[in-house]
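Based on the provided sequences and hints, a complete structural model is requested.
Protein sequences appear in the order of chains A and B. The numbers in the first sequence follow numbering that gives the first Met the number 0, run straight up by one, and end at 213. The numbers in the second sequence follow numbering that gives the first Met the number 0, run straight up by one, and end at 213.
Simulated from the structure, these hints should not be mistaken for laboratory data. Predicted model only: the values in this text are computed from it and were never measured. Incorrect hints may appear among the rest.
[What the hints assert, rightly or not] Using C-beta positions, here's what the derived DEER-type ranges look like:
{"id": "1", "chain 1": "B", "residue 1": "Ala185", "chain 2": "A", "residue 2": "Phe48", "range": "34 to 42 Å"}
{"id": "2", "chain 1": "A", "residue 1": "Thr200", "chain 2": "B", "residue 2": "Leu192", "range": "26 to 34 Å"}
{"id": "3", "chain 1": "A", "residue 1": "Thr200", "chain 2": "B", "residue 2": "Ala112", "range": "46 to 54 Å"}
{"id": "4", "chain 1": "B", "residue 1": "Trp91", "chain 2": "A", "residue 2": "Glu198", "range": "34 to 42 Å"}
{"id": "5", "chain 1": "A", "residue 1": "Ile39", "chain 2": "B", "residue 2": "Pro203", "range": "21 to 29 Å"}
{"id": "6", "chain 1": "B", "residue 1": "Gly84", "chain 2": "A", "residue 2": "Ser154", "range": "35 to 43 Å"}
[Stated by the list, open to error] Derived, one-sided and incomplete: chain A residues facing chain B with beta-carbon distance under 10 Å:
{"id": "7", "residue": "Pro174"}
{"id": "8", "residue": "Val175"}
{"id": "9", "residue": "Leu176"}
{"id": "10", "residue": "Phe184"}
{"id": "11", "residue": "Ala185"}
{"id": "12", "residue": "Pro190"}
{"id": "13", "residue": "Ala191"}
{"id": "14", "residue": "Glu198"}
{"id": "15", "residue": "Thr201"}
{"id": "16", "residue": "Ser202"}
{"id": "17", "residue": "Leu210"}
[To be verified] The following residues of chain A were derived to be distant from chain B, with all beta-carbon distances above 12 Å:
{"id": "18", "residue": "His35"}
{"id": "19", "residue": "Arg46"}
{"id": "20", "residue": "Ala54"}
{"id": "21", "residue": "Asn68"}
{"id": "22", "residue": "Gly75"}
{"id": "23", "residue": "Asp88"}
{"id": "24", "residue": "Asp89"}
{"id": "25", "residue": "His110"}
{"id": "26", "residue": "Arg113"}
{"id": "27", "residue": "Asp114"}
{"id": "28", "residue": "Asp133"}
{"id": "29", "residue": "Glu136"}
{"id": "30", "residue": "Gln158"}
{"id": "31", "residue": "Asp188"}
{"id": "32", "residue": "His199"}
Virtual Cβ for every residue (Gly too), placed ideally from N, Cα, C.
Protein chains: 2
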Amino acid sequence: MSRLRVNTFTVSLDGYGAGAEQSRENPLGVGGEELHEWLIGTRTFLRMFGGSGGATGLDDEFAARGIANLGAWILGRNMFGPVRGPWPDDSWRGWWGNSPPYHTPVFVLTHHARDPLPMAGGTTFHFVTGGIHDALERAREAAGDRDIRIGGGVSVIRQYLEAGLIDELHLALSPVLLGGGEALFAGLDLPALGYSVAEHTTSPLALHVVLTRT
Amino acid sequence: MSRLRVNTFTVSLDGYGAGAEQSRENPLGVGGEELHEWLIGTRTFLRMFGGSGGATGLDDEFAARGIANLGAWILGRNMFGPVRGPWPDDSWRGWWGNSPPYHTPVFVLTHHARDPLPMAGGTTFHFVTGGIHDALERAREAAGDRDIRIGGGVSVIRQYLEAGLIDELHLALSPVLLGGGEALFAGLDLPALGYSVAEHTTSPLALHVVLTRT
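Following this line, the structure appears as structure tokens:
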């Protein structure tokens, strides 16, 4: 049975899932890189971007779980890029170069239509203007029996949580202060939405928690 | 040099420092006990309440640091008790029985004057109606060279953080969802207030972070 998952989503001590002032220079916002220290040294993460080596162990296990058995991804517009408003042209092709680390259809939520964008390595970006339910329906069709992963950002995850559609959410709490940005939990009553802590464990760099819907 | 400290202050995954609906039955609010699982089994915590045994190790070290070198405490009214508004009489003497675990003068912030309340074991509760600066001045006088600890709750800690008066703040992030309650970080830009992460480490039950003011 295909599940809708969030994995390796990292939150700062003060509750922000990304830094403020996202830009081409700071895809994760100011301070966003530091937030992901637990992840960026792992073997899985390095391999996703064509590297080798890297750390194994608990953090790497969560990174590897994150990319296992995926048939489609859903991303918010800001996670796809820094362009806002209507697409001026087709020149922006994501943060990830010619061969993005998705290798599946990726459904990008946007208010502005754009033709599908096939990339190397099996990734095709589809631009969905019909909202979160439409994106999920198209992702389910593409994924078949495999799972669908929501990459982020905060606003997209919050929308799917509020709709009770996420089956499993792995969060990593990082010992970093951002001071501002997009707050993941503000005003969300997750227990009331049916979520509870199914797993928790710690590595030296993060508190890992897996939430599931009961 | 006497410092103003917060220690062993525990925050849920979703950013709450206490559960909702505090009452006589739930001094820490609904779910508040579960939040402190890392602490309540430690040797230091058990000894504070006259018990013996308990776990040693990292969590216990943070618990022990929390009570070392203290000359005074500051508490918010709600941390002292569930009574709201003017004191109806002197019958409420804190949550902790005849011998509270403070063993120093304790300055309780309140809008309602009340005579000092001496207890067994060296604790005297003083009721301060002059606000956070007045309470700190009186605590400094009482503490001498020793440190002053703010016990909580969230609102008192936030007021002292916003005033830039806290020198060291030890937080424990707990893998628990509360869903609501008092949010410690909401709207506080701690880096802008001069705070940064001086130490971080993890135990199986918590992500420990020490913030200091730079």
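Verification of the supplied hints:
1. The hinted range of 34 to 42 Å is satisfied by Ala185/B and Phe48/A, whose Cβ atoms lie roughly 35 Å apart.
2. Taken as a hint, the range 26 to 34 Å holds for the pair Thr200/A and Leu192/B, whose Cβ atoms sit roughly 32 Å apart.
3. The hint said 46 to 54 Å for the Cβ distance between Thr200/A and Ala112/B, and at roughly 49 Å that hint holds.
4. In this structure the supplied range 34 to 42 Å holds for Trp91/B paired with Glu198/A, their Cβ-Cβ distance being about 41 Å.
5. In this structure the hint that Ile39/A and Pro203/B lie 21 to 29 Å apart at CB holds, the actual value being about 24 Å.
6. Checking the proposed 35 to 43 Å range against Gly84/B and Ser154/A shows it holds: the Cβ atoms sit about 41 Å from each other.
7. With 10 Å as the threshold, the beta carbon of Pro174/A comes within range of chain B, its nearest partner Cβ sitting at about 3 Å, so the hint holds.
8. Against a cut-off of 10 Å between C-beta atoms, the interface hint on Val175/A holds, since the closest Cβ of chain B lies about 7 Å away.
9. With its C-beta approaching chain B no nearer than about 5 Å, Leu176/A sits inside the 10 Å limit, and its interface hint holds.
10. With a least beta-carbon distance of about 4 Å to chain B, the hint placing Phe184/A at the interface is held under the 10 Å criterion.
11. With its C-beta approaching chain B no nearer than about 7 Å, Ala185/A sits inside the 10 Å limit, and its interface hint holds.
12. A cut of 10 Å between beta carbons decides the hint on Pro190/A: the least distance to chain B is about 4 Å, and the hint holds.
13. Because the smallest distance between the Cβ of Ala191/A and any Cβ of chain B comes to about 6 Å, under 10 Å, the interface hint for this residue holds.
14. Satisfaction of the interface hint for Glu198/A is found here, the shortest Cβ-Cβ separation to chain B being roughly 9 Å, below the 10 Å cut-off.
15. With a cut of 10 Å, the hint placing Thr201/A at the interface with chain B holds, because the nearest CB-to-CB distance is about 4 Å.
16. Restraint check, Ser202/A versus chain B: the minimum CB separation of about 7 Å is within 10 Å; hint holds.
17. The interface hint given for Leu210/A is met, as the beta carbon of that residue sits about 7 Å from the closest beta carbon of chain B, less than 10 Å.
18. Distance check on His35/A: its Cβ is at least 15 Å (rounded) from any Cβ of chain B, clearing the 12 Å threshold; non-interface status holds.
19. Consistency note on Arg46/A: stated as away from chain B, and its beta-carbon is indeed over 12 Å from all of that chain's, at 25 Å minimum.
20. At roughly 16 Å, the least C-beta separation between Ala54/A and chain B is larger than 12 Å, which holds for a residue marked as non-interface.
21. With a closest Cβ-Cβ approach of about 25 Å to chain B, Asn68/A is found to remain outside the 12 Å limit, as its non-interface label requires.
22. No beta-carbon of chain B is positioned within 12 Å of the beta-carbon of Gly75/A; the least distance is around 21 Å.
23. For Asp88/A, the shortest C-beta to C-beta distance to chain B comes to about 37 Å, beyond the 12 Å cut-off, and the non-interface label holds.
24. Every CB of chain B lies more than 12 Å from the CB of Asp89/A, the least distance being 38 Å, so the non-interface label holds.
25. His110/A, annotated as away from the interface, keeps every beta carbon of chain B farther than 12 Å; the closest lies near 28 Å.
26. No beta-carbon of chain B comes within 12 Å of the beta-carbon of Arg113/A; the shortest separation is about 35 Å.
27. Distance to chain B confirms Asp114/A as a non-interface residue, since its nearest Cβ pair spans about 40 Å, more than 12 Å.
28. Non-interface status of Asp133/A relative to chain B is upheld: no Cβ of that chain comes within 12 Å, the nearest being about 29 Å off.
29. Distance check on Glu136/A: its Cβ is at least 29 Å (rounded) from any Cβ of chain B, clearing the 12 Å threshold; non-interface status holds.
30. Non-interface call for Gln158/A relative to chain B: holds, since the shortest CB-CB distance, roughly 17 Å, exceeds 12 Å.
31. A beta-carbon of chain B is positioned within 12 Å of the beta-carbon of Asp188/A; the least distance is around 4 Å.
32. Interface exclusion of His199/A from chain B breaks down, the closest Cβ pair being 3 Å apart, not more than 12 Å.
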